[in-house]
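Given these sequences and hints, build the entire structure.
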Amino acid sequence: MARFGDSKTGPMMDKFGIPVVLTYLGADYLSNGIRDEVDETMLETDTGAFVGRTIVLTLRRGDFPEAGLVSDALITVDGEDMTIISAARREDGSLVRVLCART
Amino acid sequence: MPAAATENRVIDAVITRLQTIGTPPSSWNVATPEVAEGVPPDPVPVPNKARLYVEHSRTDPTNPDAGTASHYHRVSLVVWCVAKTPRDVATLKSDVLRALFAGEGTFTASFGQPMWPGEFVQRRDLSDAGVAVGQQVVFVDVELTHSAP
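Listed in order, the protein sequences are those of chains C and D.
Following our numbering, the numbering of the first sequence begins with 1 at its first residue and continues without gaps.
Following our numbering, the numbering of the second sequence begins with 1001 at its first residue and continues without gaps.
Read the hints as simulated data drawn from the structure, not as lab findings.
All values reported here derive from a predicted model rather than from experimental measurement.
One or more hints might be untrue.
What the hints assert, rightly or not - Short derived list, chain C residues pointing at chain D, Cβ under 7 Å:
no.	residue
1	THR47
2	GLY48
3	PHE50
4	ARG53
5	THR54
6	ALA101
Unchecked claim - Per label pair, the in silico range of CB-to-CB distance:
no.	chain 1	residue 1	chain 2	residue 2	range
7	C	ALA88	D	LEU1144	48 to 54 Å
8	C	THR103	D	GLU1119	43 to 49 Å
9	D	THR1016	C	ALA67	46 to 52 Å
A virtual CB, placed ideally from N, CA and C, is assigned to each residue, including glycine.
As structure tokens, this is what we get:
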């Protein structure tokens, strides 16, 4: 099923994205995704604050099997091994927002 | 030089006990954790080992109506337990308490009371960063002397 913006997101990922590889059921799925990496204060304490690093991948849903984008799955982002924390559909379902952490 | 502040002496004593985690002769659930005073200024790394951060939380009078000859206060600290999953955090917390219980004699000799465990709370605040955190309160009731408050 074609989704709104499909014709735009592909070229956008190709232009601004970085290579992402997901191995699922023995097959490698390779495409481009956009990575955002942000440090932010996540927990205020009595004397300071814990800062956490959030890594968010934006992927085209059709490029990867959703069943493989699950918590604790391994994913390679621009050559770096990461673990998926969670994945959720965005927009009209054409994009997937994947939270990751370095392994 | 006068004695160090009571709160700082309590922190030092707790850190010394926590640094025994993972070391013989006792047996422990986790390998030697990193132990530090205060929370780290940099982003918390995704845990490849357990980490403990100790900070002073508050000091409260426990007998405000008593006379002026003695001053009893409760010094509360927070031991932040950082690990990969909430289950790992709970395991780490159990070793924290094990270490503090094993130091009862030391705490009593230094402060007149053992170190007591307070509430423990699992925090989800850093879960988007792949980090699990637990908040363990510990406290000791001390008499602040005029020479070493």
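Each hint, compared with the structure:
no., hint, in the structure
1, THR47, "holds, 5 Å"
2, GLY48, "holds, 4 Å"
3, PHE50, "holds, 6 Å"
4, ARG53, "holds, 4 Å"
5, THR54, "holds, 5 Å"
6, ALA101, "holds, 3 Å"
7, ALA88/C <-> LEU1144/D: 48 to 54 Å, "holds, 53 Å"
8, THR103/C <-> GLU1119/D: 43 to 49 Å, "violated, 33 Å"
9, THR1016/D <-> ALA67/C: 46 to 52 Å, "holds, 50 Å"
Hint violations for this structure: number 8 only, all remaining hints satisfied.
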